[in-house]
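Undergrad: Read off the chains here:
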Amino acid sequence: MDVATYKEDIWGREVILGASWDLLWLVVVSAFVVIALHAVILAVRRRAARPSSAGPRVPRHSAVDRIFHWIMAVTVIVLLITGVFPIIGLEFSWLTIHWIAGLVLTASVVFHIVRSLFWQDLKAMWISARDLKEPFDATLKPGKYSVAQKSMHAAVTVLVLLVIGSGLVMFAMIDTPWWERSNSIAESTLGWVFLIHGLSTLALIALIALHIYFGLRPEKLFYTRSMIKGWISKEELEANHDPERWAPGKSS
Amino acid sequence: MNDYRYIGKDFVPPDIVGKVTGKAKYAEDFRADGMVFARVYTSPMAHGRVTRIDSSAAAEMDGVIGILTADDLPPVEAPNAPMLTNTPVYVGEPILAVAAIDEKAAEDAIARIRVHIEPLPFAVDPLDSLVEGGPDAREEGNVYVRSREGSGFRSVKWTREQIDEFRAGKEPTGESVDEWSYGDLERGFADATVIIEEPFVTNGYAHMSMEPRTSMAYWENGTCFVYGSAQSQSFMIPGLASMLNVEQKNVILVSEHTGGGFGSKIAAYPMMALPAWFSKKLGRPVQLRITREQEYYVGSARVGFQGWIKVGFAADGRVTATDLFIVEDLGPNATGGDGSSAGDAVSIVYDPESMRYRGVPVLTNTTPRGAQRGPGQNQIAAIMAPIMDKAARELNIDRLEIRKVNAAHNATTVEADQGPITSAYMKEALDMGAKMFNWEAKRDQPRRNGNKVIGVGIGQGYHSAGSDGFDGLVRITPDGKIHLHSGVGNLGTYSYASTTRSAAEVLKCDWNNCVIERGSTAAHLPWSSYQAGSNTTFTHSRANFVAATDAVNKMKEIAATTLGGAVTDYDVADERVFRIGSPTQYMTYAAVAQRAIELGGAYSGQTWPDDIHEITQRAVQNIAGTGLIGVGKDTLRLEGVVPGLAVAFAEIQLDLETGKYDILDYVGIAECGTVVHPQGLAAQMKGGAVWGMGMASLERHVYDPQNGLPANIGYHQCGIPTYLDTPSEIRTGAVDLPDPQSPFGARGIGEPAMGCSVAAMTAAIADALDGHIFSRTPISADMIVNHVNGRPQSFKPLQINNF
Amino acid sequence: MASHDVMPDIELYQPVELSDALDLLERYGDDGWLLGGGQDTYGWLKDRAKHPKAMIDLNGIDSLHGIRELADGLEIGAVTTLVEMIGDPVINRDFGLLSQAAGRVASPQIRNVATLGGNLVQDTRCWYYRRGLSCYRAGGNLCYADSPQGMNREHALFGASRCVAVSPSDTAIALVALEATMVAASLDGERLIPAEKFFAGPDTHITRMTSLDPGEILTAVRVPSKWAGQRFYFEKVADRNVWDFALVSIAAAMAVQGNVINDARFVCGGVACKPHRLRKVERAAVGMTLSEESADTLALLASEGAKPLTYNQFKLPLMENLVRRAVRG
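Residue numbers (my numbering), protein chains in the order written: chain A, 1096 to 1347; chain B, 59 to 861; chain C, 310 to 638.
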């Protein structure tokens, strides 16, 4: 299966057209298989007692972060639907929604970057050597974020930046109320832009599928709740985190 | 009216029946045993260098016989067009050819060819190349200078300010490479009451031959037989022989009918020679029929102009001075030369007291250019007509009158050297046209009716229309048949036939007894001029007159020798040579022919005049001993330029809301000396009128400047006028006054027939728009709509090859 | 660069039953090509700019031929030729707008063989696309016509979305004005599509001109009697008066009582990828009297919202003038 598709440019030379959308099915099937395997393995394993959500609560996500997360979630879903559905044959007028959603995503990501650089603890998301031991040592508990969460964040960061970056370049190809398209990108360059946009989209589809899956897993559902309501219970905190490394209430 | 037997009378040219019934054979209708079919692969880029050709997939396909590349052919020195190239200079330039057992197999194979080409800088607008730092269309330069002192490539650049000022309508100050002048220009403008200055553009456009050029060739015993599509016949041989690297005697060209050439098939062209080289390589006959699309690439196009003109008029309307500057859009191969011809045309049609012409022929990566009907003359005719009208308005002179004041007449001196012309009756043509058209009534009629507005215009066309020095050949055989050998070529104007009538006129023979020998250079054809340049009628009326006169003189000599008496005692009539005053003493032409064979020598072609061309010599050698031969080179008096002139009057009704107009009336008047063939002349005047209408409002090259890509690669995009774009009736007439330097008084007319039309149309459009001059061809509906609505035009000033 | 003008190898099917044609279309999918009069088809195929494996000739299917009167209006079979429509007494009597539009298509020779269905589903004439370039419409990722130096005189003012090509059909604007319904058949049965929805813009269907789904065949067009015998106006402005595509065209239907416009449909061709309804003009027209003043008022509404490209701004005044003329009659 090809990663890219090709076309002839205006002078008949072979150039990249974009990502091969046959990969979409590969991505969808792979994500499904991984999720199914994971679900089966966990179902077979003995279940640990789940900590109660009752009792005292500690803050996990501030309102600003939660708003950011859900704006991002909605825009990414909208972008995926508007970007991918027409390709798989569900045709509708998608472009305007797509670029507006893209701009909203870009703005929120910029906001998040600025905020995290200057007002948040950047190290909270940093993957350290110790973090990497975490999955293999049941005694090691994470700080605020598990290594899996950090990895997810790192991957999403890279992919979203790629998809936003390539998407912003594509604004040269469309008209908006503030921008007349220049349509002046060299065809061979344009192919790379589409390829990056497409491949990062495909990877995002896989990641988001995993993200949603984990977010909905019973033992992780409290994280999702925390992303909605902002808090986790003291019990959930103690069961899943190392209070030495994350003491909510003392710092954000 | 004259009292000639044939001159001025209609007749049925012998190829008509075949054309009407479909039996006429065009180049692609010929087949030869073992013939294979070729197709060409062309450049997708406007300028590039071939780095690799991968033809392996094609070569392995069933039915593929062979592949020909530029490396198989002798090198051709730029700017001459090669048959195949590794450095294409325009989109569509042939790079290689594939031969296969049928056309589909050849096409399938071509589709499998992969050619890697490294792109090079290109330009599709001369001003983009002329500006400092702008790309050159060829690596050798962006201008090709042709001069007696030596020709060659140069890179000519103007500063950005010079280009900007030119675009702004100011006199160009950049370098020109071609200049001539006469008279005192400064004084001319000082004496002028009105001075009009206009920048202008005339877009180039395709020749649009209905028959995409086809050629089939094979070799037999060192002789190459070429079945081609050609305007000319004998004239093709030297060029073809040169392209094939053989002697002229080793080339036979068969070209019985031609589906249009319009200047694009005047002389031998690369696609005609290509199958011959391919045939040499394969050892089989090869036919190359290019596609319609490819005809638009290689089929030649009119030169485009980006120019500036300043004309001074005295109070009486007389043109005192003309200053003309033309940047020519010359295509990549430096073919054309329309600019200077435009200057010549101005010097004749408007006869300025002083004049200067300056030009820069700039190479562009567009379709190669070639002479197209009235090359230069017709572009400038379209620009000049509204300028004349503007001056007339400002001077309060009638538009007809201002043309008459400046009209060419017998004493007019012309061109840079202010030499004489053979004769000219432009004023008479204008008067005749005005009367037929009812000029004054049409001029003074109510103009506006709602959104519709009437415009009337007068156009004048010119092209030099004749030369000398070619040969004529007639033969009378003992069966009494009169063979008129015509090497002119059958472009479709029938002048190949009508000019032979001057021989029949001299021979005073029955036309039904005449056989026109033509269609193949193997048919013993004399050296003839090209079938172009409005040239055939004058030139070959003379050449045939010379040959027939030679035949008559020889017959008289034979009669005198046989029947006694002096040569001067004899005359000819009714296919007899008879003794004057004693009609019973005569010999029939058949008998004379038999006697000529017996006598031999010059009578039957055993000897021939020293001054005839080698092609004519061979023709005579081949028919020697078969009858009485009349042959000779035209050395009759020819002093001065032979002008073909025409005027047109047009009435249009322009719809201000749509920018469209209907042509309500059109009158075209030919001033071409004595009329030789009335139906042929009327057809020329009508065809020219339609062509001019197309140039005025529809036809143009469009190139995407970013990619160097032409938009016009089919009939639809090229915008040739249709039946409903032309008036239901096109009225024609002719002045019919003889030219003293033509035995029967005839001059040519082909090209002026169109120039007068486009000029009448641009003048009529300007008239309908209260004198607004677009100074551009074509004037399309969108331009008119923009103008009427006070919108700027979408193109930038002096932009060319655009919508 | 190859250049072609010989028909490539292709399977030709000539079914006589619609069901067989649908089966064939199903079997070939994207590789099947429906053939009406062939006037758009042969160019594509001979140029090898499209590469179907099979042509499915619809001309042998009787049920797709002819003009039938219905309880409410007319039904015209999809392979009815334009010349049959032009000469049809009922169309001329009730829907002169349609026969006028059909009469301005291409040239007499083409109208003799061209079908109504073919005229409606024909592809755009954008010269870049027709050249076989890999633009958006051909599945590529850019538009050559709306590039900085693109030659786009004949392109769209409205509804462009990446692609700026325009609909070339003359009969389409007449049918949208007449509120016709398209009958589309597929193996799943029959679907009725309002004419306005039948034509698709690049925002939704960038690689095709209609909303016909894969596997569907346009079998007929139904023209309701709603507009029968009303006041019509059709005009097509093209560079050439025959054998050319519209720069701008207009089809208007007006229900006029006394001198007052009670209802109106104004549709322009050549300005968008599909027939372009002038809704503002239509709304404003209702209640107006037929007069030069009304014509001027409505004309000014015609080009609102237009986004001209480098070379096509002349279409704005042209549209306005055509609306003016439509009101004048």
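Treat the hints as calculated values from the structure; they're not laboratory data. Ideal Cβ placement from N, Cα and C applies to all residues, glycine included. Heads up, some of the hints might be wrong.
[What the hints assert, rightly or not] Residues from chain C that face chain B, not an exhaustive set, calculated with beta carbons under 8 Å:
1) Arg462
2) Val546
3) Asp548
4) Asn568
5) Asn571
6) Phe623
Undergrad: Report the numbers of all earlier hints that the structure fails to satisfy, in ascending order.
TA: Numbers 4, 5 - these are the hints that the structure violates, sorted from lowest upward.
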